[in-house]
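> What follows is the residue order along each chain.
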Amino acid sequence: MRVIGYELRKLLHWKKLLIVGAIWLIIYQLFMSFYFEYFPNGSAVYEFDAAVEMVSDYGPKLDDEELKQFVAAFEAWQQVFAERIKDDARFREAGVTTFDEYVHHDSQLDQPSELRDYAQHFGGGAFRDLLGELYAKRYILERMAHSVDTDWLGMHSAVQQQALQRVVEEQQYRTILPQQVMDYFQMTHKYTTAAILIGVVVLTMPIHIGDRRRGMLQVQYTSRLGRRLYWRKLSAALIGTAAWTTLALGVLFALLAQHDISMFMQGTLNSALMAGNYWLNLTLAQYMVLAVGCTYALAFGICFLTLWLSRMTESYPVLIGMLVPLLFIVLTVGFNALLDRLLSLYDPWWRSAVGYALLSLGAIALAIGRGWREQRLDIRA
Amino acid sequence: MRIIGLEMGKALRSPLVAGLLVVFTALNLFVMYGQTYQREELQMLSSLVSRFGHDMNGEGYERLSDYYKSELAAFNTIAEAKLGRTYDSAAEFAGSNPQLIDPARPFTEEEVELTQRLLVTERYVQAVPELREQYADMDMRETAKGMLDIMTEPTSDEVDRIVYANYDKLEQRVIALREQGEHLHLFFQGVVHKMHSFLYKHIFGLMLYQMMLLSVLITAQIMNYETDRNTHPLMYATRRGRRLQRDKLVAALLSSLLAAVVLLAVNLTAYFRLFDYSELWQVPISTGFMREYRFTPYIAWRPFRFAEYLGAVVVMALALQLIFAGLAAWLAHYVRNSYFVCCMFWLLLGAGWVVITVTPPGSLLIFAAYANPFQLLWAPHGWFMMKNVFSTYPSYELVTVGSWLVIVAALLGLARRHFIRRDLR
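Line by line, the protein sequences give chains A and B. Counting in the working numbering, the first sequence runs from -18 upward without gaps. Counting in the working numbering, the second sequence runs from 246 upward without gaps.
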């Protein structure tokens, strides 16, 4: 027990923690800060506001009755628009009297018409907001009505088609979860996981090499307690990894709380406002829990792998030379398959599960298998 | 001298260097193979260039146009015979008619090939007048103004003054470029093939990171070899032993360069065997055909030819490796543990990237922040060319690399003097 405590103190030495913290800061500043500073951003602001309104009026899911109410409300807003532009000469010249006409009036031209520029400045900010709101609501209605139609194109296997059929039948797409809210969580979570993994590698790397450099292996391996040191180190590495992952995730959720997205927690992944379709129709809250679980799985997998590699090599440059390409593969290919496309309907359902199983079980097998062999190894320098 | 050779042997003989070179080459080859599907169409341009040369100013363009017209006429006779109508252009045909992909089409294989060649030729022929117009309308001051206007954080007057002065110089260069007709030379069309960014950003950019990793690891291994094996009290107890640091430094720099040269040689040879650039070595790099997006052409500060540009980029890459190895060696003087040396180098890399996001664009420091060897790693396809508003001046790369070489040399000098006298631990 005490030995685990000592190992943990070595593992979480203040110099290493400083380095890990600095790495997290750099990743935050380069990649994550945008999502926290500018949420929601761009023209999706209108979509976000419209979705917030919908959730407060109709709850997280729209049934047919509520959809009709939404359409009626939308038409009322279109009337407001028609009233506003009724007396204006430019609009009348272009033959635009309703919102639908405004949307389509220049579809045959190569470039947007001058009327659009005029409309942006007409009536100041209030009119621009009205336009944005109308476009956002039109987009939402269109997605609610038609989003599933084109999704059939990507479904190749029978299982996928059945899943999409279920989505249509249960009207899973009628829930409200804007893609931007999902991106807000998903992107920041992805970069946090990258920072966590790099931190885990940095913390766990010196575990075995430190003792080897000081020639301690000969002393340790001559006693039974010394042989069991491998398991103590393993435990300390796992505890340290868990601590660092929990800390980093805690900071992530504290940062996420800056913007209130609690109204979308019941929105599900197959919502019409989301860009893709998913095997499991999880709510946002459930997805967050799943994502956190994935981060822990990845962190522990990398911890075991680093532990095993650290035992196999003798010098830091060689170890780093092996770990950097490994991290590169995990952070590019691995993240694409395991985080971005987790549960995506366009991939086979077993893909993410097999990926995680391979990584975790493989890493565990390597590290624990090595541990068993350590108990009987000959001592070599 | 012998010591330097022996030190180099220590690093280069380890399985680390060979292993990493193999892994990196495998990854690069994988990336290259991903683009080999474009080879046939690239071949069509090469055959055009071997017939008409790559200079599309004046006579070259006339001959290419005549060839295109004759091919179009030949195509139209076929179309008349088989489909009963003629077309104004091959694009019109391809857009209105799925004959090329329809297996029941009345065209023979030869006629299909003729049509495909015609489509490619047409693309290039039509691009020339478009480019002529675009380059005639180019106003660098407007470009600068546009880029400064959209910045989220405002710049100050002094910064604006310097930016405009730089872009005025760029305007002079564009005028010279136009007179020489550098923008009208045939090359693999960028909007379709994106070969410039493929070679320089995807392949070369990847190699830059790989070379950096190799340099840092080799340097850390050489500099801390004795410390890692606990023989440093023995080595550094004598005056000659202390001076070993200089031999190690030279060995580290030479080994990094050697590893970099080997990596570059193997991968670039593989690339140029896979993609045939045989007629295009003398094409000016500022040609308009290379542009990949309509509003961001590649405009180099000097009238480089393709081969000269490649040479300049390779030399820059090697100079960067010297800087990286030098920085790692400087760190190794103070931090005797190669684990911490590598970690601190990564922090330096991160700091080099972050510094531009925290420097306010209003102060003149923003130019210094961009003159950073780590910043150069982001976009090798823009080296020596017009790029970001704060890094577009003729001597940007030279200033960055030169000043950092001086800084690294000074740091190493200080570190060495410190090392010669310090207590051992």
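Simulated from the structure, these hints should not be mistaken for laboratory data. Do not take every clue at face value.
Here chain A is said to cover these stretches of chain B; the calculated rule only asks that three of the stretch's residues, wherever they fall, bring their Cβ under 8 Å from a Cβ of chain A [unchecked claim]:
id, segment
1, 439 to 445
2, 460 to 467
3, 487 to 500
Quick partial rundown of chain A residues pointing at chain B, CB under 10 Å, derived from the structure [said to hold, decoys possible]:
id, residue
4, V183
5, G196
6, V200
Since we're looking at a predicted model, the values are computed, not measured. Backbone N, C-alpha and C define an ideal beta-carbon position, used for all residues, glycine too.
> Now look at each hint and say whether the structure bears it out.
Each hint, compared with the structure:
Counting residues of the segment 439 to 445 of chain B whose beta carbon lies closer than 8 Å to any beta carbon of chain A gives 0, which falls below the threshold of three, so the coverage claim is violated. A stretch counts as covered by a chain when three or more of its residues have a beta carbon under 8 Å from one of that chain; for the segment 460 to 467 of chain B and chain A the count is 4, and the coverage holds. Proximity of the segment 487 to 500 of chain B to chain A, defined as three or more residues with a beta carbon under 8 Å from a beta carbon of that chain, is not established by the 0 residues found. A hinted interface residue such as V183/A counts as satisfied when its beta carbon comes closer than 10 Å to some beta carbon of chain B; here the least separation is about 6 Å, so the hint holds.
The beta carbon of G196/A comes within 7 Å of a beta carbon in chain B, closer than 10 Å, and the hint placing it at the interface holds. Interface restraint check for V200/A: the shortest CB-CB distance to chain B comes to about 14 Å, outside 10 Å, so the restraint is violated.
Checked against the numbered hints listed earlier, the structure breaks hints 1, 3 and 6; every other hint is satisfied.
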